[in-house]
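**Q** With chain A held as given, fit chain B onto it using these hints.
2 protein chains.
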Amino acid sequence: MINVAVLGYGTIGSGVVKVLQTNVESIARNAGEEIVVKRILDLRDFPDDPNNKLVVHDYKMIEEDEDIQIVVECMGGIRPAYTFVKTALEQGRSVATSNKELVAKHGAELIAIAREKNCNFLFEASVGGGIPLIRPLNSSLCGDVIEEITGILNGTTNYMLTKMNEEGLAFDDVLKEAQEKGYAELHPEADVEGYDACRKIAILTSLVTGKQVDFEDIHTEGISQINADDFRYAKALNCGIKLLARSWKKDDVFYAMVAPIMVEHNHPLYSIRDVFNAVHVHGNMVGDIMFYGRGAGMLPTASAVVSDVVESVHDHNVNQRLFWSSEKLKLGSLARCEGRFFVRMDKDVSKEVIEEAFGRVEYVSVEGIEEVAFVTDVMTEGAYYQAAGTVGHVIGMIRMNHK
Amino acid sequence: MINVAVLGYGTIGSGVVKVLQTNVESIARNAGEEIVVKRILDLRDFPDDPNNKLVVHDYKMIEEDEDIQIVVECMGGIRPAYTFVKTALEQGRSVATSNKELVAKHGAELIAIAREKNCNFLFEASVGGGIPLIRPLNSSLCGDVIEEITGILNGTTNYMLTKMNEEGLAFDDVLKEAQEKGYAELHPEADVEGYDACRKIAILTSLVTGKQVDFEDIHTEGISQINADDFRYAKALNCGIKLLARSWKKDDVFYAMVAPIMVEHNHPLYSIRDVFNAVHVHGNMVGDIMFYGRGAGMLPTASAVVSDVVESVHDHNVNQRLFWSSEKLKLGSLARCEGRFFVRMDKDVSKEVIEEAFGRVEYVSVEGIEEVAFVTDVMTEGAYYQAAGTVGHVIGMIRMNHK
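Line by line, the protein sequences are chains A and B. The opening residue of the first sequence carries number 1 in my numbering; numbering runs sequentially from there. The opening residue of the second sequence carries number 1001 in my numbering; numbering runs sequentially from there.
Just chain A, same shape as in the assembly (with noise of 0.2 angstroms):
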């Protein structure tokens, strides 16, 4: 019998706890034993809830519980998960969290003393919620290069972006209406400005090239300026319009942004719908090959985390091969970059200016929006902000999905 501690009994902690007492036979199976929930830690009670007499609220109470062998981390955030997290694998015992502040800031710490302590820190759940990502990625590719990583890696906003497309809705009525069904929150920022994404595609970039590589080097932009006639535009390209995360790498550099992106219609990301979640990788042998799924909610994240738990159980004293040290990875600076833009300009700018500081664009038009809009050949990105700059009168900028 294998305990487990369960840190956070909020909506994916109480997730975990129930996953691990519904399927317990199948998990006792896969697991090789039965894995039961010691204890709870949370600084609230829960009366009604029949495991109320496992939570303790104070974190000595596990510390000193030699019977606990596996500690699941749910309560987000750096303090006090970071000290927790650490002194339990410090004390030998494996660690999964779906903490993705935590495994984007000390992932490289905390991988080495699971190495050094010969346990694990799992943290599959950290992306995309309950989609297999992170295993599949470390030892499913492991014969593979990884050349891209793009993601649509935040179900709210993909859920956002969806209504805005499919019913035409403004940026601020589609926010009200997902804060409603509890997919925002009150603070929407770390959702609608890209820095959950952020954190996201700067694990798993680190996990691929075995670096680390910190969030806040990662150009990021959000979808708060995207609006319905964007959307108009989309149609008339015969694309959608996603939030992705993406890395890359070119000339052995690596790259990475967030940013909404135009994608056609005959992309596989193009069909991912509503909040859930996709990441297409390219490997240099296995080419693309996509994983879909929610990337949020409370069963599939705790699914994500329990797979962990039973990973830990199975490798017991063995440790996972997780390559990502602490060394930096300088990204590449973007203005290298190449791409097509869609632009909007205001109605007076003329061709010939356009075409004088563009080059050869393709022009779109929609009936009823008095603007100039183009796509631009391909050119860098530097290319691209010396010629706005020149014109000026810029209304909006969006990437066209590069192939």
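One or more of the hints may lead you astray.
Stated by the list, open to error - Lysine to aspartate or glutamate pairs mimicking EDC-like chemistry, simulated, CA-CA at most 20 angstroms apart: (1) K1018/B with D1048/B; (2) K1249/B with E25/A; (3) K250/A with E1025/B; (4) K211/A with D1048/B; (5) K1211/B with E25/A; (6) K18/A with E33/A.
Unchecked claim - Beta-carbon label-pair distances, calculated as ranges: (7) R115/A with G1168/B: 53 to 61 angstroms; (8) D1045/B with H265/A: 45 to 53 angstroms; (9) S325/A with E1147/B: 37 to 45 angstroms; (10) V1145/B with G10/A: 18 to 26 angstroms; (11) H393/A with K1181/B: 43 to 51 angstroms.
Stated by the list, open to error - Partner residues are not named here, just some residues of chain B that face chain A (Cβ under 7 angstroms, in silico): (12) V1024; (13) S1026; (14) I1027; (15) C1142; (16) N1165; (17) M1298; (18) P1300.
Simulated from the structure, these hints should not be mistaken for laboratory data. Since this is a predicted model, take the numbers as computed values, not measurements. Glycine included, each C-beta is placed from N, C-alpha and C at the ideal position.
**A** For chain B alone, coordinates are given in the frame of chain A:
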């Protein structure tokens, strides 16, 4: 250093050698040791290939070479692959194979031998080519009870159906084109009659249930009866037609079938085009997830084989948890399964007769096709066949994708 022998130097076998030799550094990093191809078994010689010096014609040369730790089997078929693989496992050597016939027929036995000998029999490449599928099902979803698997598991037929859908071509013309492109074989029955997809869903269902699913027990229909008119009806219904291999659990009984299915436009499998494969999985906790990628081809399939080789090196002397006993799974009778049916009948069958037999139906008409066509309400397969037998004059039937 780990020495590998590759059995069969055809498309997949030479792909495995290429992947191992191209990504040698990253593979060594992932495996923790350098992996070297020491021997290749093939009846032929390859004088223009730098690896020709590794080629042997007699399996004894591999069997008796004590430096070989891992055997890769890419010969296909049952004999002599089965004998070679069994011998290797009994010697305690791990085996990675891409051979779906072998896995479908002898998987349970070979897994049992590997367990006894503390080595591994791994077959990620046998289903879905390069798509990480078997390992995620087995380890990432180990907290879930898998309730349904629905896959586009055959790239050839998906390519043909995509062409028929997008270009309005007839079955025979598309088959000819697929043969010219090398996607379909001269004797294409294994693909177009669904036999290939059937073996693959048998393997996945065996893994999920832990019992032996004999592919002969799975009701299998191919696509040779699908014609251009069916696609015109599909468009009218806002559907695509896909050859789906599916197994699902209802009231603790497993059912399985391979058949062309009308898939609604908002289902994730609708947008899987060309030779791509995708597998949609429903777990009781994680909900719906999907895996997508190239289901065939030299390098994608070889990438999957190599991931098994790396796993074998990393987990040397640790047997993977694969639950697949030789106990036979009794599949439920499809007659009891419920669904909706799209039916085409001679134009002189009256609506009165149809509604008398089928109850409430929704009629579909397409300009220029003089038939009566309709979609039934939800009914069992048994009730459908009874009604269809009573009315007669059925031109064609395609199942609708169930919810």
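**Q** Hint by hint, say whether it matches the structure.
**A** Okay, the hints, checked on the actual structure:
Distance check on the hinted pair: K1018/B and D1048/B sit about 15 angstroms apart at the alpha-carbon level, within 20 angstroms; holds. Distance check on the hinted pair: K1249/B and E25/A sit about 17 angstroms apart at the alpha-carbon level, within 20 angstroms; holds. Restraint check: the Cα-Cα separation between K250/A and E1025/B comes to about 18 angstroms, which is no more than 20 angstroms; the hinted pair holds. A threshold of 20 angstroms between alpha carbons decides the hint, and for K211/A with D1048/B the separation of about 40 angstroms lies outside it, so the pair is violated.
Restraint check: the Cα-Cα separation between K1211/B and E25/A comes to about 16 angstroms, which is no more than 20 angstroms; the hinted pair holds. Distance check on the hinted pair: K18/A and E33/A sit about 18 angstroms apart at the alpha-carbon level, within 20 angstroms; holds. Here the CB-CB span from R115/A to G1168/B is close to 58 angstroms, well matched to the stated 53 to 61 angstroms. Take D1045/B and H265/A: their Cβ atoms lie about 49 angstroms apart, and the range 45 to 53 angstroms holds.
The hint said 37 to 45 angstroms for the Cβ distance between S325/A and E1147/B, and at roughly 40 angstroms that hint holds. Here the CB-CB span from V1145/B to G10/A is close to 24 angstroms, well matched to the stated 18 to 26 angstroms. In this structure the hint that H393/A and K1181/B lie 43 to 51 angstroms apart at CB holds, the actual value being about 49 angstroms. With a least beta-carbon distance of about 11 angstroms to chain A, the hint placing V1024/B at the interface is violated under the 7 angstroms criterion.
For S1026/B, the interface hint holds, the least distance from its beta-carbon to any beta-carbon of chain A being 5 angstroms, beneath 7 angstroms. Residue-level restraint check for I1027/B holds (minimum Cβ-Cβ distance to chain A is 6 angstroms; threshold 7 angstroms). Annotation: C1142/B was flagged as interfacial toward chain A, and the flag holds, the nearest CB pair being 4 angstroms apart, inside 7 angstroms. About 13 angstroms separates the beta-carbon of N1165/B from the nearest beta-carbon of chain A, more than 7 angstroms, and the hint is not met.
The closest approach between the C-beta of M1298/B and any C-beta of chain A is roughly 9 angstroms, which is over the 7 angstroms cut-off, so the hint fails. The closest approach between the C-beta of P1300/B and any C-beta of chain A is roughly 5 angstroms, which is under the 7 angstroms cut-off, so the hint is satisfied.
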